[in-house]
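Use the sequences and the hints to build the structure in full.
Residue strings, one per chain:
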Amino acid sequence: MEQATTFDHAEDVYEPSLTPDSLGKLGMWIFLIGDTMSFGALLAAYAAVRAGAGIIGWVPPDEILGINLTAGMTFLLICSSVTMVKALESIQKGNVGRMCDFLGLTILGGIIFLGLQAYEWTHLIKHGLTLTGIPEHGLSGDLITGSNLFGPTFYAITGFHGLHVTGGVIYLIVILRNGWTGRYTAEYYHEVEIVGLYWHFVDLIWIMVFTFIYLL
Amino acid sequence: MAEKEHNEHPRYMFIFLWLAILTAIEVAVAIPEYSIVIKGILLIGLACGKAFLVAAYFMHLKLEKRTLALIVITPFLICVFLVIMLMPDITLESRLAEYETPASETQESNEH
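Sequence lines, in order, name chains A and B.
Here the first sequence stands for residues 1 to 216, where the numbers follow my numbering.
Here the second sequence stands for residues 1 to 112, where the numbers follow my numbering.
There is no bait here: all hints are sound.
Simulated coverage check for chain A against chain B, where a stretch passes if three residues somewhere in it have a Cβ under 8 Å from a Cβ of chain B: (1) 43-49; (2) 70-84; (3) 201-210.
Each computed BS3-like pair below joins lysine-lysine, with the alpha-carbon atoms no more than 30 Å apart: (4) A:Lys93 to B:Lys65; (5) B:Lys62 to A:Lys86; (6) A:Lys93 to B:Lys62; (7) B:Lys65 to A:Lys86.
Hints are computed from structural coordinates only; laboratory data are not their basis.
Just so it is clear, CB atoms sit at the ideal spot from N, CA and C, and this is done for glycine as well.
In C-alpha cells:
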C-alpha cells in the first residue's frame with residue numbers, strides 16, 4: 001500500500017516487486033538462494049571427496065551412522081514445518097494466541113532436533129568417528145576400512161546445518177516475543193511468513209542432507 | 001487472493017502426510033543392499049519430490065510469481081552443474097591410482 005502512494009507520481013517508471021505483498025520476503029528469498037549455494041558447495045565437495053576416495057574406499061554410511069534416529073529427526077523437522085505453517089495460518093485469521101502456541105511448538109521441535117543431534121554426535125565421537133579417523137568396527141561388528149575424510153565432511157555438513165537450526169530457533173524466539181507484545185495482526189503478518197520461509201528452508205536442506213549423507 | 005489462500009489451507013495436513021510417507025519409503029529403499037546407481041536415482045528422486053512439496057506448499061512458491069520460482073530453481077541446477085564440473089578432479093585421482101600401480105610393478109621387475 002505504502003509503495004503505491006510513493007510511486008503515485010511516477011507511474012510510468014514503476015515496476016512491481018517480485019513479491020508485491022512484502023519486500024522483506026524478497027530479501028529472505030535472496031538470502032536463501034545464496035545459502036542454497038553454500039550447502040550445494042559442501043555437498044558437491046562431499047561427492048568429489050567420496051568418489052575420489054579411490055582404492056582406499058569409502059565406508060558405507062550405514063556402517064557408522066544410525067539411520068533410525070536420523071529418520072526420526074527428519075520426521076521431527078517435517079512436523080515443526082507443519083506447526084510453522086499452522087502459526088502463519090492462525091495469524092492470517094487474526095488469532096494471536098494460537099499463533100504463539102504454534103510458534104512455541106516449532107521452537108520446541110527445533111530444540112529437540114538440536115538435542116538429538118548433540119546426542120548423536122557424542123555417541124559417534126565416543127564410537128571413534130573423529131575429524132581425523134573412522135571407527136575400527138562398524139555397527140554390524142565387522143572391521144571397516146575407508147577414507148579418513150568421512151569424519152570431517154560429515155561434521156562440517158551436519159554442523160553447518162545444525163548452526164542454521166540454532167539460528168532459526170533464536171530467530172523464532174524473537175518473533176514469538178514480538179507476537180506476545182501484540183506486534184502481529186491479521187493485516188500485518190509478513191514477519192511471521194518470512195521466519196517461516198527460513199524455517200522451511202532449513203527443513204528442505206535437511207531432507208537433502210539426510211538423503212546424501214545418511215542414506216546414499 | 002483471500003479465496004485462493006482459503007483453498008490452500010486444508011492441504012497442509014495432506015502435504016504433511018505425503019512428506020511422512022515419502023520419508024518412510026526413502027528409509028525402506030535405502031536399507032536393502034543393491035546397485036548404488038538404482039538406489040541413488042530412487043533416493044535423489046524421492047528427496048527432490050519432498051523438496052518440491054516443501055517449497056511449493058509450505059513456502060507458498062506456488063502462490064508467488066512464476067519468475068521468483070524460476071530464480072529459486074536456478075541455484076539447484078547450478079549445484080548439479082557444480083558436481084559435474086568437479087568430475088575431472090574425481091576421475092583424475094582414480095586414473096592416477098590405476099597408472100601408478102602397473103608402473104611400480106614394471107620397475108620392480110626391471111630391478112630383478
